[in-house]
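Participant: Read off the chains here:
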Amino acid sequence: DSGVTQTPKHLITATGQRVTLRCSPRSGDLSVYWYQQSLDQGLQFLIQYYNGEERAKGNILERFSAQQFPDLHSELNLSSLELGDSALYFCASSVEQGQETQYFGPGTRLLVL
Amino acid sequence: GQNIDQPTEMTATEGAIVQINCTYQTSGFNGLFWYQQHAGEAPTFLSYNVLDGLEEKGRFSSFLSRSKGYSYLLLKELQMKDSASYLCAVRGVNSGGYQKVTFGTGTKLQVIP
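As they're listed, the protein sequences go chains A and B.
When the first sequence is numbered by my numbering, its final residue is 113 and no position is left out of the sequence of numbers.
When the second sequence is numbered by my numbering, its final residue is 113 and no position is left out of the sequence of numbers.
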């Protein structure tokens, strides 16, 4: 158990819909990262927040957005969902913003039908 | 930008030794990570190298040569449970001047009896 929690574990929805994925980092960690992993694909970095501020942006679509709240939990919002958005979405956290060792949550498996 | 190369798949025999290579190109190199990921699960941290040389941790060792942009993960006394994907990740500097970690697509290791 890494100490990072993600909800929900599984999510099934339809094309065109909007969903919100939630992540709570390890106690004391200020940075949160979001990754997407499609079937048999590598981890694609989406976005990083540090202490509430956006710190780095990866291959995140405009239909996707995220934020980190004052209590340091983070939410990833996915809208106008497409079939290709079906993937595992991981959240990770680290102590500082330097992206040292990241601890990953169990992931949310999203299936868009 | 950052570019990471590692073999897609490898097969090795239980009890044997296997070496998984990773070559990279990055700006502002500041460390290399190895993560293990079992299918459908979250990646878990294995090792971190920032200086040249070999770091040993039980059955797993990781080597780094910064001048060659090269690292390897060595797994000894292979066990069936070592069947997993092994992700090489490089920490560098993004265009905004912030630290950024980029993951390779991973090497899927199959351990056979």
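Accuracy of the hints is not assured; some may be wrong.
Some, not all, of what chain B presents toward chain A, calculated at C-beta under 7 Å [said to hold, decoys possible]:
hint	residue
1	29
2	70
3	97
4	105
A few chain B residues that face chain A, going by a derived Cβ cut-off under 10 Å, partial list only [unchecked claim]:
hint	residue
5	4
6	7
7	27
8	33
9	72
10	85
Derived by calculation from the structure, the hints in this document are not laboratory data.
Just so you know, even glycine gets a beta-carbon here, dropped at the ideal spot from N, CA and C.
Participant: Give a verdict on every hint.
Facilitator: Tested hints:
1. 29: violated (13 Å)
2. 70: This hint is violated: residue 70 (chain B) lies away from chain A, its Cβ roughly 19 Å from the closest one there, beyond 7 Å.
3. 97: violated (10 Å)
4. 105: Constraint on residue 105 (chain B) satisfied, holds at 3 Å.
5. 4: holds (9 Å)
6. 7: violated (13 Å)
7. 27: violated (14 Å)
8. 33: Interface hint status for residue 33 (chain B): holds (7 Å vs cutoff 10 Å).
9. 72: Violated, about 18 Å.
10. 85: holds (9 Å)
Checked against the numbered hints given earlier, the structure breaks hints 1, 2, 3, 6, 7 and 9 and satisfies all the rest.
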